[in-house]
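Colleague: Residue numbers (the numbering used here), protein chains in the order written: chain A, 6 to 130; chain B, 6 to 130.
Because the hints were derived from the structure by calculation, they are not lab data.
Incorrect hints may appear among the rest.
Identical chains share a label here; the pair holds if one copy fits it or two copies do between them.
[To be verified] Here are the simulated DSBU-like pairs of lysine-lysine, each with C-alpha atoms no more than 30 angstroms apart in a straight line: (1) Lys125 / Lys43; (2) Lys130 / Lys77; (3) Lys70 / Lys55; (4) Lys70 / Lys130.
There are 2 protein chains.
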Amino acid sequence: MESTTIMKVVNKDIKQSGCQASLAAVGDALYAIGGKWKLPIIVALSHSDKRFNELQRYVEGISAKVLSNELKDLEMNGFINRNIDTGFPVAVRYELTSYSHTLQNVLHALSDWGEMHREKIMKNK
Amino acid sequence: MESTTIMKVVNKDIKQSGCQASLAAVGDALYAIGGKWKLPIIVALSHSDKRFNELQRYVEGISAKVLSNELKDLEMNGFINRNIDTGFPVAVRYELTSYSHTLQNVLHALSDWGEMHREKIMKNK
Numbered sequence: 006m007e008s009t010t011i012m013k014v015v016n017k018d019i020k021q022s023g024c025q026a027s028l029a030a031v032g033d034a035l036y037a038i039g040g041k042w043k044l045p046i047i048v049a050l051s052h053s054d055k056r057f058n059e060l061q062r063y064v065e066g067i068s069a070k071v072l073s074n075e076l077k078d079l080e081m082n083g084f085i086n087r088n089i090d091t092g093f094p095v096a097v098r099y100e101l102t103s104y105s106h107t108l109q110n111v112l113h114a115l116s117d118w119g120e121m122h123r124e125k126i127m128k129n130k
Numbered sequence: 006m007e008s009t010t011i012m013k014v015v016n017k018d019i020k021q022s023g024c025q026a027s028l029a030a031v032g033d034a035l036y037a038i039g040g041k042w043k044l045p046i047i048v049a050l051s052h053s054d055k056r057f058n059e060l061q062r063y064v065e066g067i068s069a070k071v072l073s074n075e076l077k078d079l080e081m082n083g084f085i086n087r088n089i090d091t092g093f094p095v096a097v098r099y100e101l102t103s104y105s106h107t108l109q110n111v112l113h114a115l116s117d118w119g120e121m122h123r124e125k126i127m128k129n130k
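Model the full structure from these sequences, guided by the hints.
Modeller: Written as structure tokens, this is what we have:
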């Protein structure tokens, strides 16, 4: 929904301006990693791989159903691996793929900006 | 909600690892520009300033009430200016502040990643 919205916006802008093609790529990015839960899940897994219940505790507020769907989605899009540790009891672990690490620049940019933004807020107070 | 979630995740990770302080900044960034509508609105205004109705057409699916609230929020946080053109009829225009342009790196990173991601998807097809 968010991604659809931004892509429409982006597409209109491209038609209007003819010079903002790169914004379409922003739409593509948000299509893949936008939404309410995907980045929180990726951040939660960035420290260490986790089991389903563990992940649900980390990403507070997410229901089991939604988490399950988001994990399927992230797996389908190559962001995470679902590993089954055969043993007793059988445990399923989720881990980031190497492809997830291509998001490093995005996370760095968000991180740098967030830090700068926090400092600005603090100064204004 | 999204930002609250990610900040909780981030805070836990920092406590656990002691080495991921920069992720807290990602949480701060998403607190300010996360959610469903903020980036679409910023993208819509990045081409040119717009009036309320115009903006509502660009950001498809947003209700007048939500757009109004998001604009107030963005104005309060220094991302947009609300200009009143006194004339007949009185027109209100929204424009990005120079502070919004500090988001350039974030948008570039998202754009680069989105382009790479699209190419990957295309190859897989």
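Colleague: Please go over all the hints and tell whether each is borne out by the structure.
Modeller: Hints, verified against the model:
1. Lys125 / Lys43: both (27 angstroms within a copy, 19 angstroms between copies)
2. Lys130 / Lys77: Result: close only across copies, 19 angstroms inter versus 43 angstroms intra.
3. Lys70 / Lys55: within (17 angstroms within a copy, 40 angstroms between copies)
4. Lys70 / Lys130: between (41 angstroms within a copy, 29 angstroms between copies)
The earlier numbered hints are all upheld by this structure, with none contradicted.
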